[in-house]
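Just so you know, the sequences run in chain order A and B.
Under this note's numbering, the first residue of the first sequence carries the number 1, and numbering increases by one thereafter.
Under this note's numbering, the first residue of the second sequence carries the number 250, and numbering increases by one thereafter.
These are calculated hints, taken from the structure and not from any lab test.
As the structure is a prediction and not an experimental result, all values here were calculated from the model.
Certain hints may be false.
Partial list, computed: chain B residues near chain A (C-beta under 10 Å) [stated by the list, open to error]:
(1) Pro327
(2) Gln328
(3) Asp330
(4) Ser334
(5) Leu383
(6) Val384
Ideal Cβ placement from N, Cα and C applies to all residues, glycine included.
So the chains spell out like this:
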Amino acid sequence: MTPESKPLLTLDGVCVAYRHQEVVHDVSLDVAAGEVVALIGPSGAGKSSLLRAINFLEPPSKGRILLEGVEVGGSRRTLDALRRDVGMVFQSFNLFPHLTALQNVMLAPEHTLGLPREQARERAMRQLTHVGLAERADAKPGKCSGGQQQRIAIARALAMEPKVMLFDEPTSALDPELGAEVLATMRTLAGEGMTMVVVTHEMHFAEDVADRVVFMADGHVVEENSAGKLMRDPQHPRTQRFLNAVRGR
Amino acid sequence: MSTLNEWQDYLPDYLDGLKVTLRLTGVSLAGGLPLGLLLALAMTARRRTVRWPAILLVEIGRGAPALVVLYFVYYGLPQLDLTWSSFVCAAIALGFTTAAYTADIFRAGINSIPVGHREACQALGLSHGQELRLVVLPQAIRVVIPPLIGFCILLYQGTSLAFAVSVPELLSRAYSQASITYQFTSTLVLAGLVYAAISLSAVALMRARWPGRTASVTDVEPPGEGLARTTEVTHAP
Ligand SMILES: Nc1ncnc2c1ncn2[C@@H]1O[C@H](COP(=O)(O)OP(=O)(O)OP(=O)(O)O)[C@@H](O)[C@H]1O
Ligand SMILES: [Mg+2]
Numbered sequence: 001m002t003p004e005s006k007p008l009l010t011l012d013g014v015c016v017a018y019r020h021q022e023v024v025h026d027v028s029l030d031v032a033a034g035e036v037v038a039l040i041g042p043s044g045a046g047k048s049s050l051l052r053a054i055n056f057l058e059p060p061s062k063g064r065i066l067l068e069g070v071e072v073g074g075s076r077r078t079l080d081a082l083r084r085d086v087g088m089v090f091q092s093f094n095l096f097p098h099l100t101a102l103q104n105v106m107l108a109p110e111h112t113l114g115l116p117r118e119q120a121r122e123r124a125m126r127q128l129t130h131v132g133l134a135e136r137a138d139a140k141p142g143k144c145s146g147g148q149q150q151r152i153a154i155a156r157a158l159a160m161e162p163k164v165m166l167f168d169e170p171t172s173a174l175d176p177e178l179g180a181e182v183l184a185t186m187r188t189l190a191g192e193g194m195t196m197v198v199v200t201h202e203m204h205f206a207e208d209v210a211d212r213v214v215f216m217a218d219g220h221v222v223e224e225n226s227a228g229k230l231m232r233d234p235q236h237p238r239t240q241r242f243l244n245a246v247r248g249r
Numbered sequence: 250m251s252t253l254n255e256w257q258d259y260l261p262d263y264l265d266g267l268k269v270t271l272r273l274t275g276v277s278l279a280g281g282l283p284l285g286l287l288l289a290l291a292m293t294a295r296r297r298t299v300r301w302p303a304i305l306l307v308e309i310g311r312g313a314p315a316l317v318v319l320y321f322v323y324y325g326l327p328q329l330d331l332t333w334s335s336f337v338c339a340a341i342a343l344g345f346t347t348a349a350y351t352a353d354i355f356r357a358g359i360n361s362i363p364v365g366h367r368e369a370c371q372a373l374g375l376s377h378g379q380e381l382r383l384v385v386l387p388q389a390i391r392v393v394i395p396p397l398i399g400f401c402i403l404l405y406q407g408t409s410l411a412f413a414v415s416v417p418e419l420l421s422r423a424y425s426q427a428s429i430t431y432q433f434t435s436t437l438v439l440a441g442l443v444y445a446a447i448s449l450s451a452v453a454l455m456r457a458r459w460p461g462r463t464a465s466v467t468d469v470e471p472p473g474e475g476l477a478r479t480t481e482v483t484h485a486p
């Protein structure tokens with residue numbers, strides 16, 4: 001991130017709490033346009049909670065989220081804008097099983113953005129082609145492989161033409177071979193300049209694709225650095241322990 | 250006179266009664282099903298002030314015997330200067346009972362949709378109404394149809410309660426025949442056969458359409474394969 005560029009996404013002192021039990025403590029983070037940030041850390045660190053706070057699936061209990069400098073959450077309007085501009089991909093895909101791949105992808109352009117159906121369909125088809133699944137357009141998700149389902153889910157988020165994409169362990173429900181095709185799609189996206197925040201257990205992806213890696217444990221950001229530095233030369237003992245454990249398995 | 254001959258004499262009158270029974274079933278469903286869906290939506294609403302009244306109404310409807318509700322509408326409401334024909338009273342009472350029971354079926358169907366689908370809707374910027382209309386209800390409806398059919402069959406048989414407020418439905422026809430001829434066994438058996446003929450054909454139709462499903466009122470089955478494929482994976486840190 002060049003110093004003068006304004007961050008696209010800003011987390012300012014974000015906390016997340018479930019029933020007064022705070023699980024994410026005071027996280028601040030700037031994400032520049034085009035940047036890929038990997039969020040790593042042990043199970044229960046609060047990675048998913050933080051990611052869900054960004055698009056208000058779990059509204060932050062404290063702190064602020066800013067998108068292009070505008071604070072989100074005060075009004076319905078800023079929340080709608082946030083949901084339009086931030087796409088999300090889930091670990092369990094969450095495709096709508098009663099709709100075809102194409103219908104899944106065109107749903108939000110048609111109903112959230114209010115595009116005419118034909119235009120929504122075209123846009124959806126373009127995104128399915130983008131993730132290499134044009135020929136699965138009329139298939140129900142249940143008839144697609146896990147890797148295909150996750151790529152359809154990526155196309156569904158992309159069809160909103162978001163400014164930021166959030167990924168919550170997009171490959172961990174998949175066996176390695178199918179995970180690889182999803183990672184390839186994400187790599188392409190990153191190459192095209194998409195701004196991405198990715199919670200991942202794929203250390204290779206973090207190392208090769210991410211510009212920056214943020215290591216979280218116990219609800220805190222323990223260490224963050226450029227991907228090369230953090231992965232090769234972690235400073236904090238907690239980070240070292242985690243990376244050794246992950247690589248040692 | 251043989252039983253069969255007797256039955257031949259009764260049958261036209263019974264079929265008139267059957268028409269009333271079917272009409273009462275239809276009207277009760279026409280009022281009760283939409284109300285049941287509304288109650289289910291209210292029961293699953295986020296706001297407590299919407300949820301609690303709906304839950305209360307459903308618990309009353311399920312808790313009170315249908316006959317008590319029927320007597321309440323027929324004898325109780327006129328004291329408040331609300332008087333209707335016995336058919337309308339029966340339709341109101343059975344419609345209310347239908348709403349209460351089917352609300353619970355609809356609610357179970359709505360709750361069977363994985364939370365992740367709703368979160369995906371929110372992440373895509375869909376409104377709460379769009380989420381229900383486009384994603385939740387189309388999936389829930391497939392889950393609730395078999396138990397709903399089960400309930401319809403029970404309701405059809407339950408319309409015989411309307412006999413108590415002298416709606417001229419099937420059972421009341423049988424009863425008036427019996428009070429003339431004193432042939433209680435044969436008149437009631439014929440009435441039973443007419444009820445059964447309709448119920449059993451409905452069950453058979455349902456079995457043909459949804460093999461392997463039961464028409465139980467209380468079981469709402471989770472969405473079938475392909476409907477909900479969420480995968481939970483835990484990681485070694
Ligand atoms: N809906 C919830 N209600 C209550 N507590 C929750 C909820 N979701 C998560 N938690 C708790 O919050 C903490 C952080 O969970 P979170 O899912 O954010 O961690 P994570 O880093 O994503 O872990 P994982 O790698 O296992 O996905 C955990 O202690 C978890 O038990
Ligand atoms: Mg998680």
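To see whether the hints hold, each was checked on the structure:
Interface hint status for Pro327(B): violated, as the beta-carbon distance to the closest one in chain A is roughly 48 Å, over 10 Å. Interface restraint check: Gln328(B) against chain A, minimum CB-CB distance 48 Å, threshold 10 Å, status violated. Restraint check, Asp330(B) versus chain A: the minimum CB separation of about 45 Å is more than 10 Å; hint violated. Interface hint status for Ser334(B): violated, as the beta-carbon distance to the closest one in chain A is roughly 43 Å, over 10 Å.
Of the supplied interface hints, the one on Leu383(B) holds, with its beta-carbon coming within about 6 Å of a beta-carbon of chain A, less than 10 Å. Among the interface hints, the one on Val384(B) holds; its C-beta lies about 5 Å from the nearest C-beta in chain A, closer than the 10 Å criterion.
Of the numbered hints given earlier, the model fails hints 1, 2, 3 and 4; all others are met.
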